[in-house]
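A.B. asks: Protein sequences appear in the order of chains A and B. Residues in the first sequence are numbered from 1 upward in steps of one, following the working numbering. Residues in the second sequence are numbered from 1 upward in steps of one, following the working numbering.
Be aware that one or more of the hints could be misleading.
Claimed, not checked - Simulated pairs of lysine-lysine, DSS-like, Cα-Cα distance not exceeding 30 Å:
hint	chain 1	residue 1	chain 2	residue 2
1	B	Lys56	B	Lys218
2	A	Lys158	A	Lys223
3	B	Lys126	A	Lys224
4	A	Lys272	A	Lys158
5	A	Lys158	B	Lys126
6	B	Lys177	B	Lys56
7	B	Lys30	B	Lys126
8	B	Lys126	B	Lys56
9	A	Lys223	B	Lys126
10	A	Lys158	A	Lys224
11	B	Lys30	B	Lys56
12	A	Lys158	B	Lys218
Claimed, not checked - Cβ-to-Cβ under 7 Å is the rule here; a few derived chain B residues that face chain A:
hint	residue
13	Leu57
14	Gln61
15	Tyr83
16	Arg93
By construction, these hints were calculated from the structure, which means they are not laboratory data. We put the beta carbon where it would ideally sit given N, CA and C, even for glycine.
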Amino acid sequence: MRTDAGMALSILQYQFMQNAILAGLLGGITCSVVGVFVVTMHLSFIGVCIAHAAFAGALLGLWLGFNPLIGALLFSLASAAVIGPVADRGELNPDTSIGIVFSLMLGLAFLFMGLMPGARTEALNLLWGSILTVTRHNIIFLATMAGVIVALVVAFYKEIQAVICHRQVALAVGIPATLIFYGLLFSTGVTVTASLQSIGGLLIYSLILNPAAAAYQLTYSLKKMLLMAAAFGVASCWAGLAASYLLDIPSGAAIVITSAIIFGLATAFSPKRKVKGWRQVPLAG
Amino acid sequence: MDNTVIRIQDAVVSYREDVALQGVSLQIRKGEFVGIIGPNGAGKTTLLTVINGLGKLVHGQVWVLGSRLNGTNGNSLRKRIGYVAQVENIDPRLPISVREMVMVGCYGRLGLFHRPTRADWEIVDKVLEMVGMAHLSQRPIGHLSGGEYQRAAIARALVQQPEIFLLDEPTASIDQKAQHEILSLIQLIHREYHMTTLFVTHDLRTLPPICQRLILMKEGKVWRQGSPESMLREEVLSQLYEAPISVPNGIAPLQT
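Isolated chain B (complex conformation):
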């Protein structure tokens, strides 16, 4: 039985004179945890935006969860895809609490003109408890630390009850302790829900050991892919990053 949930065929994406993706073809199986690594500007983030329909293809085709992305079905597919980006600066005065931010994850699924019910709020509270943010649920989101904000962002993606989980440098710009906590949480979630997960990072130290496959990207192309054991070799990584790279000892030690 074909259990492919993402199929990308010869995808080309261009931002004015820059070609961000140059003929990328990929298949991701249901429940897989895939790490995507490569230097800055390799096209890793663009690859994720192609999957959730926010990146505009110049050429090629993308099938997600059984549907071909055609420019009109992106919104309905995105309701089934959780997305967590890297930490951004938030206005500390913004009148939105953590609980309200997490509830945003439900809004796409609820649809227009439908208010969140008590059951929806209960799901939000349960997920906040799970990510260890229940005690901060009423705090304005602009008052959170980087690690806390990422926990809230992961909670928001989880209340979506997604079938695919896209993580775009979720541990960038946060301290090491928070990085470990976020990585532990991501792996815990994968073990619990078996969601198809794509984890993008340029920092090898933040690559979760749970990765089943690694995709190495360079200059808008899939340069190599394979098992972490076959990809995490000094000669491969040094060629990828065009600098001497040593394989980090025991990638991302975990607290699970």
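Chain A extracted, bound-state conformation:
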């Protein structure tokens, strides 16, 4: 184990580490902000499904020789476009329809991986992620997506808040709630795509869910929840990176485990779990 602090700091001079820190900052913010909507609207399973669709799409890109990010984006958006209306129309139980799309995406992912000729290192990188090898191009893509997601959240904050509060009520007061709901599903798809190479298809979903779920334990204010989730997301990425470097363990796994530890601590110290002081009051009469 490397314990020399000077050596640890000197690593920051390297371009790959600077890129990783930037990717952690941007990915941590974007994933966690989207995660707040996933957690408050109870869409966890939909999010898992979209993450796996992005992974399958990226593998299709690798197999057929086009940009895997384009495949990931198309697949994640298509899965969101299928799941939303099927769940809304109630023709199938939402759990059933999402489960079918989820298993199909997983099946396709393994099919594309099986059909791929030669070594599958790049495919496995998409599965586990490799924040230490992100390029400047990846950073620019991530920064663009982070900017777009944050700008959309700021622009449509009150509509998003209304949909979180109650989607049918939001519709009934004249808010385009269906459009906002699908917008949130698509944002999840875009976020997963942007973070696929750094965090990985299997691990990305923990970074969406855990920081937001941790913030959910700690506040009754949506604005504070967004800020806390973003802070937890970035902290998970940076602490995970440090752990990965110091303990020589895979970075994606370290990030996800860190975010799970933060969730555990938030749950343990959650004020929402405390029972308020009780005293016996005599009945009148």
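Assemble the complex: chain A is given as a structure, and chain B must be docked to it using the hints.
C.D. replies: Coordinates of chain B only, in the frame set by chain A:
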């Protein structure tokens, strides 16, 4: 002068194999307080969703506040229609306060990209005061009792400054004391603002005495309609509910 604010002509609504409304035609006048009663599954809630444009017509036409609902103008009309549904379970950890929930009523009218102003918040506070919820304005909505939640829902509908008020079983699943308080509040609001109000219930004991007309629904049709005096008769109600029904004594005694 024609003062009709809602006109429904031969409306048919179908959910897959079930026909929820079968050729319903109705007219509601401005400022009327109309009670809609009938057994479960009679199409009462569907009738309200047809009026606010959320129910999809298979056949027929609906005019609301002078405009024909055509599938594209629903959002703009809904900004002028207050809607209160029955109490639902809310996640107790949901990060939304009562004050924020009531402000949602303003959002449709404000439109996209417009933030609520101080004046909007003042309206919210005033309405919360009116419905007796000012002391709970900062409480998370998941921590409210059924009666408190319905007061907040009514406040949300009021800040919309609606011309039509749709109440879908607003007193279902809440205790009797809260039921009386909600009914008193609804009648107080009608006396104060004279909004066209449609009140749906399957429970005759929660029918507000202020009702000027009763619509009796059965199997997706308007079975009968008329004054409360002519409709609230044992033989009529027993036929409607297909069970012996006695007219409740002094429907919904009030605290006004």
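A.B. asks: Each hint: holds or not?
C.D. replies: Evaluation of the provided hints:
Taking the CA atoms of Lys56 of chain B and Lys218 of chain B, the gap is near 20 Å; set against the 30 Å cutoff, the hint holds. Between Lys158 of chain A and Lys223 of chain A, the direct Cα distance comes to roughly 11 Å. Compliance with the 30 Å bound is thereby established for this hinted pair. Annotation: proposed proximity of Lys126 of chain B to Lys224 of chain A holds, straight-line Cα distance about 26 Å (limit 30 Å). For the hint linking Lys272 of chain A to Lys158 of chain A, the alpha-carbon distance of about 25 Å falls within 30 Å, and the restraint holds.
Distance check on the hinted pair: Lys158 of chain A and Lys126 of chain B sit about 21 Å apart at the alpha-carbon level, within 30 Å; holds. This hinted pair does not check out: Lys177 of chain B and Lys56 of chain B have alpha carbons roughly 36 Å apart, beyond 30 Å. Distance hint between Lys30 of chain B and Lys126 of chain B is fulfilled; the C-alpha atoms sit about 26 Å from each other, no more than 30 Å. Among the hinted pairs, Lys126 of chain B with Lys56 of chain B is inconsistent with the structure: their alpha-carbon atoms are about 36 Å apart, more than 30 Å.
About 24 Å separates the Cα atoms of Lys223 of chain A and Lys126 of chain B, which keeps this hinted pair within 30 Å; it holds. Distance restraint check for Lys158 of chain A and Lys224 of chain A: the Cα-Cα separation of roughly 15 Å lies within the 30 Å cut-off, and the hinted pair is therefore satisfied. The suggested pairing of Lys30 of chain B with Lys56 of chain B holds, with an alpha-carbon distance near 24 Å, which does not exceed 30 Å. For the proposed pair Lys158 of chain A and Lys218 of chain B, the alpha carbon gap of about 40 Å is over 30 Å, so the pair is violated.
A distance limit of 7 Å between C-beta atoms decides the matter here; for Leu57 of chain B the minimum to chain A is near 17 Å, and the interface restraint is violated. At a threshold of 7 Å, the smallest CB-CB gap from Gln61 of chain B to chain A is about 21 Å, leaving the interface hint violated. A distance limit of 7 Å between C-beta atoms decides the matter here; for Tyr83 of chain B the minimum to chain A is near 4 Å, and the interface restraint holds. About 5 Å separates the beta-carbon of Arg93 of chain B from the nearest beta-carbon of chain A, less than 7 Å, and the hint is met.
Comparing the model with each numbered hint stated earlier shows that hints 6, 8, 12, 13, 14 do not hold.
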